[in-house]
Each structure stands twice: as C-alpha cells, then as structure tokens.
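Number of protein chains: 10
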Amino acid sequence: MSRLEVTEKIISTKVAKGLKWSDIAAKVGLSKEWVTAGCLGQMTFDPNAAGIIATIFGLTEEEKKWLMVVPYRGSLPTSVPTDPTIYRFYELVQVYGTTWKELIHEEFGDGIMSAIDFKMDMSRLPDPNGDRVQIVMSGKYLAYKTY
Amino acid sequence: MSRLEVTEKIISTKVAKGLKWSDIAAKVGLSKEWVTAGCLGQMTFDPNAAGIIATIFGLTEEEKKWLMVVPYRGSLPTSVPTDPTIYRFYELVQVYGTTWKELIHEEFGDGIMSAIDFKMDMSRLPDPNGDRVQIVMSGKYLAYKTY
Amino acid sequence: MSRLEVTEKIISTKVAKGLKWSDIAAKVGLSKEWVTAGCLGQMTFDPNAAGIIATIFGLTEEEKKWLMVVPYRGSLPTSVPTDPTIYRFYELVQVYGTTWKELIHEEFGDGIMSAIDFKMDMSRLPDPNGDRVQIVMSGKYLAYKTY
Amino acid sequence: MSRLEVTEKIISTKVAKGLKWSDIAAKVGLSKEWVTAGCLGQMTFDPNAAGIIATIFGLTEEEKKWLMVVPYRGSLPTSVPTDPTIYRFYELVQVYGTTWKELIHEEFGDGIMSAIDFKMDMSRLPDPNGDRVQIVMSGKYLAYKTY
Amino acid sequence: MSRLEVTEKIISTKVAKGLKWSDIAAKVGLSKEWVTAGCLGQMTFDPNAAGIIATIFGLTEEEKKWLMVVPYRGSLPTSVPTDPTIYRFYELVQVYGTTWKELIHEEFGDGIMSAIDFKMDMSRLPDPNGDRVQIVMSGKYLAYKTY
Amino acid sequence: MSRLEVTEKIISTKVAKGLKWSDIAAKVGLSKEWVTAGCLGQMTFDPNAAGIIATIFGLTEEEKKWLMVVPYRGSLPTSVPTDPTIYRFYELVQVYGTTWKELIHEEFGDGIMSAIDFKMDMSRLPDPNGDRVQIVMSGKYLAYKTY
Amino acid sequence: MSRLEVTEKIISTKVAKGLKWSDIAAKVGLSKEWVTAGCLGQMTFDPNAAGIIATIFGLTEEEKKWLMVVPYRGSLPTSVPTDPTIYRFYELVQVYGTTWKELIHEEFGDGIMSAIDFKMDMSRLPDPNGDRVQIVMSGKYLAYKTY
Amino acid sequence: MSRLEVTEKIISTKVAKGLKWSDIAAKVGLSKEWVTAGCLGQMTFDPNAAGIIATIFGLTEEEKKWLMVVPYRGSLPTSVPTDPTIYRFYELVQVYGTTWKELIHEEFGDGIMSAIDFKMDMSRLPDPNGDRVQIVMSGKYLAYKTY
Amino acid sequence: MSRLEVTEKIISTKVAKGLKWSDIAAKVGLSKEWVTAGCLGQMTFDPNAAGIIATIFGLTEEEKKWLMVVPYRGSLPTSVPTDPTIYRFYELVQVYGTTWKELIHEEFGDGIMSAIDFKMDMSRLPDPNGDRVQIVMSGKYLAYKTY
Amino acid sequence: MSRLEVTEKIISTKVAKGLKWSDIAAKVGLSKEWVTAGCLGQMTFDPNAAGIIATIFGLTEEEKKWLMVVPYRGSLPTSVPTDPTIYRFYELVQVYGTTWKELIHEEFGDGIMSAIDFKMDMSRLPDPNGDRVQIVMSGKYLAYKTY
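Protein chains in written order, with our numbering: chain A, 829 to 975; chain B, 829 to 975; chain C, 829 to 975; chain D, 829 to 975; chain E, 829 to 975; chain F, 829 to 975; chain G, 829 to 975; chain H, 829 to 975; chain I, 829 to 975; chain J, 829 to 975.
Please keep in mind that the hints were generated in silico from the structure rather than gathered at the bench.
Keep in mind that a hint or two might mislead.
[Claimed, not checked] Below, computed lysine-lysine pairings styled on DSS-like, alpha-carbon distance capped at 30 Å:
1. 973/I with 892/A
2. 837/D with 845/F
3. 973/C with 845/A
4. 893/F with 855/F
5. 892/J with 842/B
6. 855/G with 947/I
7. 947/C with 848/D
8. 848/C with 845/E
9. 892/H with 837/I
10. 842/I with 892/A
11. 973/G with 845/E
[As the list claims (entries may be wrong)] What follows is a list of derived Cβ distance ranges for each label pair:
12. 937/I with 854/H: 21 to 29 Å
13. 889/G with 830/I: 55 to 63 Å
14. 906/B with 833/H: 22 to 30 Å
15. 830/D with 833/H: 18 to 26 Å
16. 964/E with 875/C: 37 to 45 Å
17. 845/J with 886/B: 34 to 42 Å
18. 937/I with 971/G: 36 to 44 Å
19. 906/J with 875/C: 47 to 55 Å
20. 905/A with 875/F: 16 to 24 Å
21. 952/F with 957/E: 37 to 45 Å
22. 876/E with 957/F: 43 to 51 Å
23. 953/G with 973/F: 47 to 55 Å
24. 955/A with 841/J: 29 to 37 Å
25. 875/I with 845/J: 55 to 63 Å
C-beta: ideal position from N, C-alpha, C; glycine also.
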C-alpha cells in the first residue's frame, strides 16, 4: 500500500459520493486549501483529522495510517503542467517570477518567501465584468545571512 | 537591437544609479508589480509610460520604441527555476497545483483563472514571529463552454 | 476508478461497436469537435449529455459520474507528439507560432486568443487537386491591461 | 551572415520605422500570414518578393539573397513555448490533438492534414461579448497507402 | 483493450510459432516493409488484410477490429533510440539531416519528401567485402507554396 | 578558429556567389551527397579535395586545414529536429525504426547496418502524380558475435 | 510475454538460487561478459546456449525462444545513469570522450571503434594499494570513406 | 579569460601547426591519454608540464596559469553525444552498463571502479580482418562500507 | 520479485506497525543513516543484518536474499526532486556546488570527496531561535593523478 | 554589465594573481564557504565586504555595486552536473535523498531543513588511510503547519 493508493481512493470516493472539499474541510475544522491539499496527498494529517477523513471516505485502519505519514510531495505528472487550469499558475511563474524576486528583495533584502511556513486562501470576488478568482498567499520572509 | 538588450540596459542602469522599482512605478503612476514586470521585459508600455521610463533610464528613441512592442514573454532561463526565491513559487505549483484546480472547479465550474485579465499586489505583513510576504492575486474566471 | 479508465472504455467500446463520433455528437446535440474531445477525456459533460454518452457506451452509474468531473487535461503522451497526424499541428506552432503572435498583436494589441472561450469546426473542403482538411477556430481576444 | 541576422534586422527595422505587417504584405501582393512568416525567417521569397522586402527594410544585396534561401525552420526557442500568446496554440494541440486525429481519420481515413500544402487566414470576428480571433486553416489531405 | 495489446500479442505469437515477416507479408500480398510496420502497430489494415493477419496470429474478432483502427504512431520508447540497430538511422539524421535538406532544396525547391505518400524496400546487397543492407526509399515531393 | 566557422563561411559564400552543391561536387570529383555533408562540417576532406574546396570558397590556408581535421559530428541544433524537411526523416525513424530492426534481423541475423561504411544517393524520380524524392542507402552489415 | 519478463525471471532466479555469472558462463562455454550481457537481455543466444541457460534458470519452452530473439537493446532506465557503479563509466565518456576521439583519429584516421564487432574482458588486478578493476576492450576500427 | 579559451587556442594551434598528441605527450613525459585529456581541458597540469605545453602552443603567462587550475570537467556539448566516434562509447554504457555492474559486484562486492584513481591506454591491435582499437582501463576498486 | 518490491513491503510494513528507523538501526547495530538507506533500497545488507531486518519486517526467505543483492541505486523519481524536503539538498548543490569544488581543490588539490568511502550523521541541534538539522558528512579525498 | 561578468572577472583575476579563497575570506572577516559562494555569484555582499572584495580584485565602482545586488542563483550549467567533484554531491542526493527525508521527519515531524537559514563548514579530517573531506551543515528546521 502507498499514499498514492489512498489518494486515489479518496478521489474516487469523492466522485462516487458527490462530496465537496469545502464540506470536508468544515468537518475537519481547517481551511479548504489545506484539507484539499492533504486529501490530494500533499499534507500530513494529525490523528484527529485523519480519523475524520477516514470516516468520510470509508478508509481502513491501515489507509488511515498513511494519512499521518509525511508524503513524497509533488502533485503534477510533468515538470511543465499540461492542464490549462494549473498551467496558468506556471505561466505566472514564467512571466512574474523575476518580478516577485525583485520586489521581495527590494522590500525585505536578500531572502525568500517561505513555501513551508505558508498559508493561502482562495475565494470568489464578485465583479460585474465577470467574477474573479482571488488568491491571498502569505509566507514568512526568510533571510540569507552571512556566517 | 532587441527588447532583451533594452531590459539589460534598464537593469544595468538601475544598479548603477541605485534606483528603486517602487519609486519608478510611482513616477509612471501604475502598480510596482506591473511596472517592474514591464521593465523586466514582460509587459508592453503605452507611449506615455514608455516616455517616463526612457527618461529615467536614459534610453534612446529606438530603445523607447522597443518598450512599446509586445515582448516574447518568459523571464526564466530554465523550465524549472534554479533561483531559490523563484523556485518557491514553482514549488507551490507542484504542491498546490491540483488543489487550486479542485477548488476553482468546485467554486466556479469547469474553467480557469485568467493569467491575462489578472492583477497582483505584493506587500509586507508585519508579524511578531517574523514579517511575512503577502501576495494578493486576482484573475477573471473564464469558463469552458460547450458548442 | 479514474477518468482515464472511462476514456479507455469509451475508446474500446467504440472500436468494438464500430461507432462514429459524428453520430455520437448528433445524439448528444453538440458539435462533433467538442463531443469527441469530451469522450477522449478533455471536456466535462453536463448530466444530460453524460447520460446520453453513458447509454451509448454502456457505462455504469459511477463511470457516468466521472464524465461530469473536470478532467486533468492534456491528451498526449509526450511534449512533442510522435504521431504524424498530430505532429503536423505541433509543426504549425513551430513554423507559424511567432507569426500568429505578431498578427494578433498587430490587429488587437497586447493579448491572446483564448483557448478556453474557444470553439472549432473541422470539415472537408472538396478540391480537384485533392480534398482539403479545413479547420475554423475562433477564440475570444483577451487583453493584457495595466494596473 | 545568416538568415537569422537578416530576420533580426527586419524585426529591428520594423520597430524603428513603425511598419505594419499587413502593409508590407499588401506591397508584396501576398497574404499577411505568409509574408509575416517569411519575414520571420520561416518561408522562402522569390526574387520579386525579395526585392520588395529588401527595399522596405533597406537590406543589402547579400541580405536580399538570404531571403531566397530555404531557411532552417522552427521559430520558437523552446519545445514548449513560454510566451502566453503562442502557448495557447500549444495548449490546443495538447487538449484537441487526439480529437483532430480522430475526426480526420473518421472523415478521410488514415492520413494527415498537410502542413506544407497549407494555407491560413487570420481575422477579427466582431462579437458583442468581446471580439474574437478567427483562424481558418486548410491543408491538403494526404493518405497513407499500402505498398 | 488497445492496439498496443494486439501488437504485443502478435509479437509474442510470432516468437512462439517461429514465423517470418516475409512469409506473413506474402500471405497478405503486400510488401514486407509495410506489413511488418502494420503488425508492429504503425499502419492500418483493411478488412481483408486484417482477416489474414487475424488468422495467422489467432486474434479474436475484437483484436482484429483494432488492426483496422488508425494507430497512435511512434514505435520507440525514447526520443533518441537506445537500440544500436535503430540508433544508426537516428545517427544518419544527425549526420546527413542538413545534407538531405540542402539537396532536396537544390533539386526540387522549397519543400519536403513526404513521409506519408512514401514507400520503401529493404534488401540484401551481396558484396565480397561483406554483404550490405540496401534501403530504397521514395517519397512524393511536396512544395511549400505562397498564398 | 573552429570547423564551425569554416562551415559558416562556406554556407555564407555559397549564398553570396549562388553556387550549387552538385557543381561543387563535380569539381571535387565525388558524389554530391558526400561533398555536401563535408562542406556542412560532417566529413573530412583529403588534401586534394580540401584544396579544391578552398579555391571555390576562397578559404585561407588555416581554414583549409580545418577541412582536413575530423569534425565533431552532429548537424542539428536539437535532438528532435524542428525543420519540417529534416523532421520527416526523424518521423521515419519513429514509424519505421522497429520495422527496420525486424527486417535486418530476419534477413541477416543479430547485427546492424553500418552508418560508417555507408553510402547514399539521392535523385529525382519523375512521376505523373508528382515527382518523387528517391534515396538509395547502402551500409555494410555488421554482426554481433559471441566471444 | 516479452524478453524483459524473461530477463526478470533470470535475475530473480539467480538471486533465489544464489548462482554466479562466471559459473553460468563456464557452463555455456563463452566469456562471462557476453553471457552476463545476454542474460540481462542485451545479446541473442543460439539454440545450444539458450538450451543451457533455460536449464539453469528453469525456463519454459516459450521463454527459451525469447532468448533467441534479437532484443531491443539499452539496459538503463535513464539516459544519464543514477547508479554510482554505472555512472562512473558515463563519467569516463564525459571526461575522456573527446580524448578517445582525438587519439582514434590520430592513430587510425577518420572512423570509429565498432561497438558491434567488439569484445571485452573484465578482471581483478591485484595491487598493494588496493586491487583494481581492469577492463580490456577491443573493437574493430571502421573507416569513413569517400564515395 | 577562461580555461575554455585556452583549450580552444590549443586546438586551433594544433591544427595550424599540424602537431600530434603523441609527440606532445612525449615532450611532456606522460601518457598520450592523460596529456590529450589535459590539453582538451579535462586535467590539471603541474607547473613543469604546463610550461612545456605553453611553449609548444605559444601560450601567454596568464594562459599557462589556467592550465594549472582545476577545470570544470565534462567535454561533451550534450548529455547523449551526437558524434558517432564518441557515441559508440555511450552505447557501450547502454548495452554493457548493467553487465559491468554485475561483474564488478560478483568479483569485488558492493562498490565501484574509481574514475578518479584511474588510468587508461589506447593502442592499435593489428588484425588480418582489419585492425582493432584496444583500450585497457584500470581503476581502483572502492567499496561501500557500513557505518 | 525485485528489490523495489522488498523496499515497498518494508515501507508499507513500517507504516502499518508504526516502527521507527532509529529503533530498527539500533537492533541492527549500525547507524540510522546507513540502515535507513539500506531499507530504502540503496545499500547491501550482510547476512546477519539482513536476518534482523527480515525478522522485523516479516520478510520471506527470498525477500531476505534480495537485501543482500547490490541494488541499482538512485532513490528519486525525477532528476530534479519535486519533494521540498529533498529539493533543499538539490538546491544546495545548485548554490554551493562550485564553492565545494573550489574549496576542495584549494585544500586538497585536484580530486574529489568520495561518495562511496563516505559516512554521515544527522542530528538535532537545539537552538533558541528554533532547532536546527545538523548533518556531518565525511568522505575520503581521492586525487586525480597523472600517468 | 551583469553579475556574471563580475564573477568572471573575479575568477580570472584570482587565477592571474594566484589568490586563495581562505585568504580572501580572512580579509573579509567571514567564513571561506560564504565568501567563496559570494565571489562565485551566489551571495550578496554588504557595502563593507563589497569594498574589500573590490579592492582585492581591482573592481570598478560599478562592478562593486553588482556585488551588493541579489543575484539570480544557480551555479551549474546543467541540471545534472557533469563535473565529477560536484557530481558526487548530486549522487548523495540521489542515494541518500529519501533517507534524509525519512530521518528529518522522524526526528522533527513534517518539515524541511532550510537551505536559506543555513550555514556550512568544510575542513580536512586527517586519517591514516587517507585524509577525508568533512562537511558540517546546519539548517533551521521549518515545519509545515495546518491552517
């Protein structure tokens, strides 16, 4: 058994039962962003959350244990994503990557925005010209230091 | 002459003169995110903005014209970025890519967040545990339709 | 279960039963281009269309549900296609890619032709020197804007 | 000297003089699609067209000769294009590639749409919801035959 | 079921029964080059030939139908082949590719040798210094035309 | 100085003077295929041939010496060629590679067609349905032996 | 069934029975280098040798037949090997590749060392500073010739 | 200045003066294999050898210093070599890589043949069927140890 | 059966039983770094250690034998790792690779740090600003020598 | 001007003047690891350190400014390094990558060792069997948290 198999069972069950990520997240008591990432095999659940997830998706005891094991992360089958919804984010890295770098360095100095001490919220922004997807990210600034 | 040469001259002049992107953006009258991307060869300036940029960086008339030509976009030398500051954003695509996809589809249906009809703001979020980089993105939702 | 398995069942059944995409599309009541892409795992069916497809291909209730889930798009096994029929389209991107870019920018300004708000029609063009494949594409123009 | 240098001179001169591809094509007396591709180093001009192009861009006699030499085709710096305007066409190959293949085979049999005996027209399609880019392609059908 | 499975069954049966491609081709009544390519999943058989192949290899009715479906072509597992016998042909493309291009253009003008309207014969050329493999290829010349 | 520079000078001079490969080959007294490959930096000339080539293209004494140095072979800028004329040969390797392998092994046993002890002739094959490019290749069969 | 399956069975049986390649080779009556390569799916056995191998590893009649079929060669899962023992040989190609080329050309002229008409012996070289692996390779020199 | 420039000057001078690697090595007093690798930028010369090389190739004092700096190794422009003479060695890694691994492990245990504590000799092996290239390699065996 | 299957069984059993690598290593009597690498299929166990591992994980006799076979090393699914925890080490190679090279050469001369005659210790370094991961590596220096 | 040009000037001057990284670091007053990385274009100097570096290497005022600009990091020309000294570190990632991951997670939980809040020391470890390269790394542990 592997985490991948548990992820596939979760996805398959979600389709069969017609569940929603936001409802699942509400039951777990955490953000929909983090819980979805966890169900897709990218985050590690604590025993309590794992128990709730296991109940929702009808996981066995062994499958539940895999939810508590740190996964080998990376959710995409190719280094440049082919799916248009995901590609747009890769495109942002291509177009804005050097801009992010310049502005982080100008505001903070030599360092990075952490992708580990990180959180994110995605929401709908109503707009008369067509609603917009809004994503708010925040990651701790980590500085390179001399030694 | 090419847009790349103009970009290199802008970057080189910025170092030599010790300029700041936020000051440059304030003179242009647009956001620091868009203006920086433009100076790095990723956006197209209108004649007025191009004139201001040309003055700041001492560009020739021909160099100024290149600022008004739509560039061949893509600011990174490799498909997976090697620079740690930029890599963290690529890592987000790897870890959260399928999550973004799931949540956009759950909230909006089958479609994407546009990376064209898109805007972004980057700011400092003071935090007692260490300040954070905050990025707010918003892109128009575009739906796949049947035909 | 996964969408890929449903796609494989559809393709396999089509061969076994000797069905035609245009007939299937006619029953669904949508274009042959969109319905074929959907059956090949690239589009999302609504409940009505999914029901018709399920009937045609003898899908189970769970398989039918997968037709209504947004798929991870990308129908090719390699980033440069090896199949000659599909490669010719990749070749057009290699040979005409920069031309399309120049002409879109000349006519519309800085922006793109949407591949989401997009439709397409493929037909036979009788020609005494040998019939021709005609493809008419139309995609909404989306502009990059300043902010 | 190489064709690439001639192409760069043409692009550079076009920016400096503010020329338009459609005007250039009109002077040559051919479609804007073909002439732009030729100026971008993807097609071979005959002596008459080469002379007109040479006059427009102020090319030397030797540069003009390069316009009449068959070029090494391929206009993109990477196998998956990074520029968003061009990437959308690559995305169409990813999403619709297998659909094109199926429909060509259903209508014509085992063969391809030629990318050599090929022509194309790009135009603006006015639309109240936002104008659309329309591309009409036609390529001769070539059949695989037994032997 | 897929064409790949049919191909694997054909190869496996050929080894088990000790058949020869030239004998199989003789029964089909076509060249050994075309029939072998077809059995290896690269060509489409008509009903008559498919029937003969099905009999030889003991294929089921459904497997026989797959022989009549246009395959997704490309017979190599990597873009640069690792097998020495096949690599030598790739090496010829590396060493002689630009020569073929120059000589085709010199003799015919701007165009290509079709790989679709194409045929090929491979034979043994007796030679006192060691017999030689002789391959005669012929493909229709297709011209790029202006429009 | 390098062989590449000599090759570029040869190509550039050929365009400027309007020379033909077949005429050059006739003066050298060897086949047009071999001489073209040599001029394109893929073969090594002996002193006599190098002298003739040097005279035709106005090479210096040092440039002539480079013609007699064994080159680093490989004439293509990418492992999968982008130029359509050359790609068709790569496509033949993709489609027919396993067929060539099978037929060589069936006729000769376990071994290869040499790409070193190899010769080739390209000619025009008149045909009422459009002239054809004919290529005749012959390479010595080399056997794998046990030891 | 495929040659790969036979190879896996041979490797698996070798582990289970604790056999040694040199003993197996002695029974076959050929060098340990060639026999090991053959058992690993890189060489073609004649009926006699195949019979001996089949007996040693308990192969079925059909599995034995696969040993006599020319394999698709290439024993590594990636183009740059990850295994350190094998990588060292790749490293030799990287570091000494151009040296081998220069010295072969200096001694023999323009040509190659055949990897087909080739044999090899690997042995232990006792050394007070630590024993050494000695590999003696010999391959026929093949000359490029003019034509 | 860089080591690459020194290497290019050495190669260029060798062609211009018609020198031979074996003569150069004799003057240096080391093997032709090591000296050639050093001149091609893959080894580090000591002051004495560097002085001899500098005299032979007319290097400046600064160029001579570069010969004594440890180079960034790797002499090939692509990870899979395109040059046929060098490719044959890569092919040996593909075909015999797993065999070398098996035989080293069988004879020595878990470890590698060092490519650092390594030496090599290349020579001509006269043979009535055509002379052969013989390469004798020896590298220290290094064992993986537990800790 | 293959080593990979044994590795997967070990990992799966570890999750199911909730074992810890450090406890397993203590039972084996070797460092946790080496034992973990061995259990993950990267090292070769001697009979004694293999027996202990087999008991802990409930391996069969045949599975135990695989632990004593030298594995094909390389534990990552892609050449650039996608998992953030592992990527950070790759990032160190990208950022510090040339520094390591310079400092090794400055201190020792032309040579390498062995990755074979190598050991490593990973531990927790308590720190009031947040505990740190400390890794101490030591590898034998191996010199390139002239010959 | 670019940081790369400054780096090349520093390296070139170091060779010409015969400087040592440890002496340079002593003058700057920081570790040899950090200073070398900085001189190789991977770290950002503060004005004081930049002034010292500029004096040592005879940099102009503009070149000195580049030392204070955050660089685009990544010091290797290929994603898998070809240089043997650097490759050994990549090999450690391949062989020990999953082990590092397991042990970090076992000791600390789900998180990473920072490569930003990181320091390192490289030294010589005298050993009667041959001196060893010792590298001590320490990076802050960063935890993934739920949100």
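Numbers of the earlier hints that this structure fails to satisfy, in rising order: As far as the earlier hints go, 1, 3, 6, 8, 9, 11, 13, 16, 20, 21, 22, 23, 24 are violated by this structure, in ascending order.
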